[in-house]
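Now for the letters of each chain:
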Amino acid sequence: MVSAEGTVQQGRLRPQQEGDKKNILDRIGYLCLYLILILAAAFQIFPLVWLFFFSLKSNHEVFHLPPLALPTNPRWENYVKVWNVGKIDVYFMNSVIVTVSATVATLILGSLVTYAITRMRWRGSSFVLGLFMVAMMIPVHSTLIPLFSMYNQAGLIDRHLSLIISYIAFNMPVTIMILLGFYYALPREIEEAAVIDGCSVNRMFFRIILPMTTSVLMTTAIINMIYNWNEFIFVNTFISTNELKTLTVGVQNFIGQYMTDWGAIGATLMISVLPVLVAYLFLSDRIVEGIAAGSIKG
Amino acid sequence: MDRVMSNKWVIAAYVLPALLLILVVVYIPIILTGYFGLHEWNGIGAMKFIGLEQYKTLIQDGKFWDSALHSFLLAVFSTLSLILYMIVAMVLASRIKGANTFRKIYLIPMLLSSVAIAQLWLKVYHPTNGILNSLLVSLGVPNPPAWLSDSSIVLYAIFIPILWQYAGFYILIYYAALKNIPETLIEAARIDGANALQIAWKIKLPLVMEVFKVTIVLAVIGSLKYFDLIYIMTGGGPNGASEVMASYMYRIAFNIYDFGYASAVGFFLLVISLVATFIIRKLTATKEKIEYA
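Protein chains in written order, with our numbering: chain A, 1 to 298; chain B, 1 to 293.
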């Protein structure tokens with residue numbers, strides 16, 4: 001308090017000079033911070049921009065022009081070429097099928113469990129919640145060999161179902177974690193009123209509670225979709241037929257075959273990351289919120 | 001009300017599908033991994049019980065310990081890089097204009113698939129046409145290194161894309177935590193004459209320490225099971241110089257088809273992850289709870 005008054009007094013005594021000096025120093029500091037932030041931002045997106053550039057170049061341009069040069073004559077045909085030749089359309093559809101079905105199933109099952117844990121009364125609910133939360137600590141790799149062997153015996157190797165089941169299970173903990181806070185916060189009165197009106201639990205859940213969670217479900221859905229869309233190790237392990245691969249692994253294979261055509265590689269990669277980037281462009285607030293909510297809650 | 005909300009059939013119907021799924025896909029497999037590790041098995045033929053032999057081999061396997069060391073180094077790098085992320089988050093959270101935009105740009109790499117990131121950085125590191133070496137040559141460096149095929153630097157080279165990939169994620173977490181600090185607290189410190197650095201060090205940092213500790217666990221666990229980028233970019237090479245525990249396990253299982261030994265490695269990976277979590281939690285446990293009052 002004392003020093004605050006002091007500043008005020010000083011300010012009153014020499015208003016102009018003090019203020020100017022402080023202002024300039026502040027501005028320089030501010031500019032430096034900005035410069036650092038901008039450099040960091042450039043570092044974060046630059047490789048991607050460069051990727052976009054070389055997706056529009058021919059090998060000749062890639063190898064003989066400086067790496068930062070704009071493509072002299074953008075070769076959009078690189079995209080058409082890889083889409084047609086590289087089975088990218090097939091991989092793309094596989095990714096859509098697996099991602100969407102796993103996400104929908106995760107949301108439904110996750111909502112049901114979260115509802116039962118947070119709103120219904122039963123012994124063992126905290127134990128069950130604990131089982132889901134501990135599962136988050138388990139490295140995927142430690143489950144890989146048994147899963148491979150189990151799916152093999154069940155005839156699920158080389159089936160999309162093996163991926164869908166795995167994605168649902170491994171995304172379940174994070175999904176429940178995001179939903180949990182929201183469900184806890186729902187007011188009890190809704191249920192009381194519904195029960196008094198003679199509403200069954202099922203009806204209450206599907207007609208009243210689930211619609212109320214639409215916004216958090218959206219967030220959860222986006223997080224699930226990004227994870228599923230980008231998943232690598234399960235596809236690489238469980239799927240061996242080319243026609244069944246998803247975009248991540250399919251792209252990797254395609255690149256393996258055409259290692260030398262940088263333009264084609266760039267175009268393939270751009271196609272594989274574009275859906276996520278476009279989604280981010282429109283839904284970035286929700287995605288940011290979802291990643292924050294899904295990563296940390298103690 | 002109570003009768004309706006504790007209807008056993010409804011509870012079972014709501015909980016069992018998801019519970020069965022994680023039991024079958026997560027919990028049973030980790031038990032099986034330990035069990036498979038007691039056998040000699042190529043994944044197809046009959047399993048032969050050999051007791052703790054695989055685990056004994058593991059303890060004497062120099063290649064495994066090299067990969068464990070690399071995983072450990074990654075964990076150390078990742079933990080250190082958290083400091084950098086914290087600084088950026090502090091800058092962003094100090095009422096900088098456009099903080100949201102910066103935060104969103106930083107997060108972009110996190111959204112890309114590991115294949116895209118790996119291929120992208122393979123091109124960045126390409127010895128002759130990569131952007132890095134082209135830049136170095138134009139700056140007058142005569143013989144820039146072949147980043148990914150030089151066993152003495154490959155691990156550091158691999159670390160840069162990892163740093164790049166997760167920067168936005170940790171910055172986002174720290175930013176959210178910093179924004180949670182009541183403005184009045186910082187205002188009070190400012191009135192008491194604290195400068196920006198003092199406020200950051202003495203007030204903000206202690207208040208986000210809990211979150212910082214959680215991210216240490218995340219970073220260490222994440223590093224111990226790190227796989228995708230290394231597998232795609234170097235395959236653990238050259239000559240095992242970038243091999244980590246997960247990639248070692250994967251190659252033994254799916255290239256050499258020694259499922260028994262790979263299971264032992266997988267089980268060890270699980271145990272190390274759980275022990276590491278436990279140790280870090282113990283080491284970083286707060287003795288007194290910090291309150292915002």
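Be a bit skeptical, because a hint or two may be false.
Residues from chain A that keep clear of chain B, each with C-beta distances beyond 10 Å, as calculated [to be verified]:
| hint | residue |
| --- | --- |
| 1 | N23 |
| 2 | Y115 |
| 3 | Y184 |
| 4 | T213 |
| 5 | Q252 |
The calculated EDC-like cross-link candidates involving lysine to aspartate or glutamate, where the alpha carbons are at most 20 Å apart (straight line), are [stated by the list, open to error]:
| hint | chain 1 | residue 1 | chain 2 | residue 2 |
| --- | --- | --- | --- | --- |
| 6 | B | K97 | A | D26 |
| 7 | B | K282 | B | D258 |
| 8 | B | K179 | A | D285 |
Since the hints were derived computationally from the structure, they do not count as laboratory data. These numbers were taken from a predicted model, which means no experiment stands behind them. Cβ coordinates follow ideal geometry from the N, Cα and C atoms, glycine included.
Status of the hints after comparison with the structure:
Look at A/N23: its CB is around 15 Å from the nearest CB on chain B, clear of 10 Å, so calling it non-interface holds up. A cut-off of 10 Å between C-beta atoms contradicts the statement that A/Y115 is not in contact with chain B; the least separation is 6 Å. With a cut of 10 Å on Cβ distances, A/Y184 stays outside the contact zone with chain B, its closest approach being about 15 Å. The claim that A/T213 is not at the interface with chain B holds, since no C-beta of that chain comes within 10 Å of its own (minimum 14 Å).
For A/Q252, the condition that its CB be more than 10 Å from all CB atoms of chain B is violated, with the nearest at approximately 5 Å. As the CA atoms of B/K97 and A/D26 are separated by approximately 14 Å, the hinted pair is consistent with the 20 Å bound. Simply put, B/K282 and B/D258 have alpha-carbon atoms about 36 Å apart, too far for the 20 Å limit, and the pair is violated. Only pairs whose Cα atoms come within 20 Å are accepted, and B/K179 paired with A/D285 is accepted, the gap being roughly 16 Å.
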